[in-house]
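Spelled out, the chains give:
2 protein chains.
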Amino acid sequence: MENKTNNKFTPLSTLGEFGLIDKLTKNLKILHKSTIKGIGDDAAVLDYGEKFIVLTTDILTEGVHFNLVYMPLKHLGYKAVVVNLSDIYAMNAYPRQITVSITISAKFSVEHIEELYQGIKFACDKYGVDLVGGDTTSSYTGLTISIAAIGEAAKNKVVYRSGAKENDLICVSGNLGGAYMGLQLLERERKLFEKGSVERPDFGDYNYILERQLKPEARKDIIEMFKETGIKPTSMIDISDGLSSELLHICKSSGIGCSVYQDKIPIDKETVIMAEEFHIPPLTAALNGGEDYELLFTVPLDTYDIISARPEVSIIGHISKQETGCRLIMSSGSEVEITAQGWNALKDQQ
Amino acid sequence: MENKTNNKFTPLSTLGEFGLIDKLTKNLKILHKSTIKGIGDDAAVLDYGEKFIVLTTDILTEGVHFNLVYMPLKHLGYKAVVVNLSDIYAMNAYPRQITVSITISAKFSVEHIEELYQGIKFACDKYGVDLVGGDTTSSYTGLTISIAAIGEAAKNKVVYRSGAKENDLICVSGNLGGAYMGLQLLERERKLFEKGSVERPDFGDYNYILERQLKPEARKDIIEMFKETGIKPTSMIDISDGLSSELLHICKSSGIGCSVYQDKIPIDKETVIMAEEFHIPPLTAALNGGEDYELLFTVPLDTYDIISARPEVSIIGHISKQETGCRLIMSSGSEVEITAQGWNALKDQQ
Numbered sequence: 008m009e010n011k012t013n014n015k016f017t018p019l020s021t022l023g024e025f026g027l028i029d030k031l032t033k034n035l036k037i038l039h040k041s042t043i044k045g046i047g048d049d050a051a052v053l054d055y056g057e058k059f060i061v062l063t064t065d066i067l068t069e070g071v072h073f074n075l076v077y078m079p080l081k082h083l084g085y086k087a088v089v090v091n092l093s094d095i096y097a098m099n100a101y102p103r104q105i106t107v108s109i110t111i112s113a114k115f116s117v118e119h120i121e122e123l124y125q126g127i128k129f130a131c132d133k134y135g136v137d138l139v140g141g142d143t144t145s146s147y148t149g150l151t152i153s154i155a156a157i158g159e160a161a162k163n164k165v166v167y168r169s170g171a172k173e174n175d176l177i178c179v180s181g182n183l184g185g186a187y188m189g190l191q192l193l194e195r196e197r198k199l200f201e202k203g204s205v206e207r208p209d210f211g212d213y214n215y216i217l218e219r220q221l222k223p224e225a226r227k228d229i230i231e232m233f234k235e236t237g238i239k240p241t242s243m244i245d246i247s248d249g250l251s252s253e254l255l256h257i258c259k260s261s262g263i264g265c266s267v268y269q270d271k272i273p274i275d276k277e278t279v280i281m282a283e284e285f286h287i288p289p290l291t292a293a294l295n296g297g298e299d300y301e302l303l304f305t306v307p308l309d310t311y312d313i314i315s316a317r318p319e320v321s322i323i324g325h326i327s328k329q330e331t332g333c334r335l336i337m338s339s340g341s342e343v344e345i346t347a348q349g350w351n352a353l354k355d356q357q
Numbered sequence: 008m009e010n011k012t013n014n015k016f017t018p019l020s021t022l023g024e025f026g027l028i029d030k031l032t033k034n035l036k037i038l039h040k041s042t043i044k045g046i047g048d049d050a051a052v053l054d055y056g057e058k059f060i061v062l063t064t065d066i067l068t069e070g071v072h073f074n075l076v077y078m079p080l081k082h083l084g085y086k087a088v089v090v091n092l093s094d095i096y097a098m099n100a101y102p103r104q105i106t107v108s109i110t111i112s113a114k115f116s117v118e119h120i121e122e123l124y125q126g127i128k129f130a131c132d133k134y135g136v137d138l139v140g141g142d143t144t145s146s147y148t149g150l151t152i153s154i155a156a157i158g159e160a161a162k163n164k165v166v167y168r169s170g171a172k173e174n175d176l177i178c179v180s181g182n183l184g185g186a187y188m189g190l191q192l193l194e195r196e197r198k199l200f201e202k203g204s205v206e207r208p209d210f211g212d213y214n215y216i217l218e219r220q221l222k223p224e225a226r227k228d229i230i231e232m233f234k235e236t237g238i239k240p241t242s243m244i245d246i247s248d249g250l251s252s253e254l255l256h257i258c259k260s261s262g263i264g265c266s267v268y269q270d271k272i273p274i275d276k277e278t279v280i281m282a283e284e285f286h287i288p289p290l291t292a293a294l295n296g297g298e299d300y301e302l303l304f305t306v307p308l309d310t311y312d313i314i315s316a317r318p319e320v321s322i323i324g325h326i327s328k329q330e331t332g333c334r335l336i337m338s339s340g341s342e343v344e345i346t347a348q349g350w351n352a353l354k355d356q357q
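Sequence lines, in order, name chains D and R.
Note that this note's numbering gives residue 250 to position 243 of the first sequence, counting from 1, and the numbers run on in steps of one.
Note that this note's numbering gives residue 280 to position 273 of the second sequence, counting from 1, and the numbers run on in steps of one.
Hint data in this document are derived by calculation from the structure and do not stem from the laboratory.
Predicted, not measured: the structure shown is a model, and the values here were computed from it.
C-beta atoms are modelled at their ideal positions from N, C-alpha and C, and glycine is treated no differently.
Treat each hint with caution, since some may be false.
[What the hints assert, rightly or not] Under 8 Å between C-beta atoms, here's a sample of chain D residues computed to sit facing chain R:
| id | residue |
| --- | --- |
| 1 | Leu19 |
| 2 | Val139 |
| 3 | Thr144 |
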């Protein structure tokens, strides 16, 4: 484990999460015909009969993904479930079962873990999924929650990141950047409070962005909208790492380019106000903020009339040839290349 | 989070792992008809078509489940997969896919994680399972590995903990206590080495028990034996927490009692020698040691001729009425009540 003095060791931060995953999983053999899609999408797709099963997992760890100073355990349990369900919906599938594994240190009591599970069960009830298993064990340092979720979809309904076609409309549900600005607010007030500069944290009336950060929802309604309208997206991904990063995933997986218009990117007014307070361009929060758990998807151009009439969806651009790259058309008319600067799970290390 | 001075908080250690799980999962609603069996067995059982799917998850954390001073990362990756596959086999099912989620601190380099994944992939190859997804993120403190495994079985082949019947034979694969004695040896040598009492750790010729601890295998061969002989166990569980604990799980789930004979419990001679060095009764290592990943199962009495001819299986006792309790018949003829003192994931906390 002595990597500090030895040059042959490569720090994790040089590769980042996606680089590391690419390196670890290249040349991976697939042995079973039941494995339809392995690594490289929001969830794996498995064939065990009439329908496809989708399987995803996420791991959240104290100090990196959440801070218990302002994250109530009940909310944390809820959010830990929701982030997994979001990955299932991103496959155009319905979540059915989850397992929950946690490691907990002695600073937690039975009552704390019950509170965490209240949130987990509340999310299960709300989204209609069964908690079917897990593992509970001690740790020396804080709390880690690992959830695996299983969902199902008719075989012809599963949507991958890889199906976007030229001229498809690029759409996003809800609005972006709110969770990130909520986090900035929480962090600012935490620091002021801990320094003793304020008697109590002051969150003003920013309930919306706080809720976006502390109690996000997964967009089940969008999947139901697809069912209701008979529209099947050509590609889809959930926005966990920021719009830029997810657009690049779709472009790379589908082998296409895109044009996205600044004016069309939906940003809530609370997000705008808070971003201005922090001197952050609201666009930056939307592009790179992450944790919004909205769905980014592409649909054929001929669905325009239906999609444009849906208040919960914004059309933000269109798919183009690969050669044109991934471009953001600014309000000024200038164009910039989209690059990923979103949440990188491995670059924040200390 | 301030639970030190407040009496209304209950320390986790008062309930232990199984008590906590019982508390957290009581009154759990099952919403989907696809959920055949939720919490309470080695794996959940799901119905998505022709066959049953089984789903299990395990989480391993540095300092609690493994010590990287003597656990090579490659072995750790291998073991992390094997402990999950063992749960799948314990359902009389075949593992097909796994997901791997890890949290890693900055002390690890890309090369370390590659070594871990070498072990993971080696286990996948050996047992014929596909690595289909996961999550990789940073942590502030060491390494945590969470694996979920999916397996399949014909609907009439799945074996639960709950089917043991009076007069069934109680059987165990391989031998017990070795992994525990291997751990004792590793810990002793680590302490001597760290104190400077020895120039290098001396593991003597105890290769077998070291391998039992560092590179355990899952008993795929036992499941294949069932297929080959046409025997379906009435109940089954894998021995991860020690024979006592697993016997009690089967007795409780099946609503029966048992008689197990000290003389019949298989213990390897290396385990016996090491136990004597440590002044631990070898029987204690077998009953309470844990991490052997053997299979404990019950079969109908009329399979005696087939089962007793299998060198890889020992018949250690028989199932009795619930009223007789769970008894261990000692070589001396005296009887003792079996109690669980095995590995308790929540009682070792500091």
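Violating hint indices (sorted, rising): none
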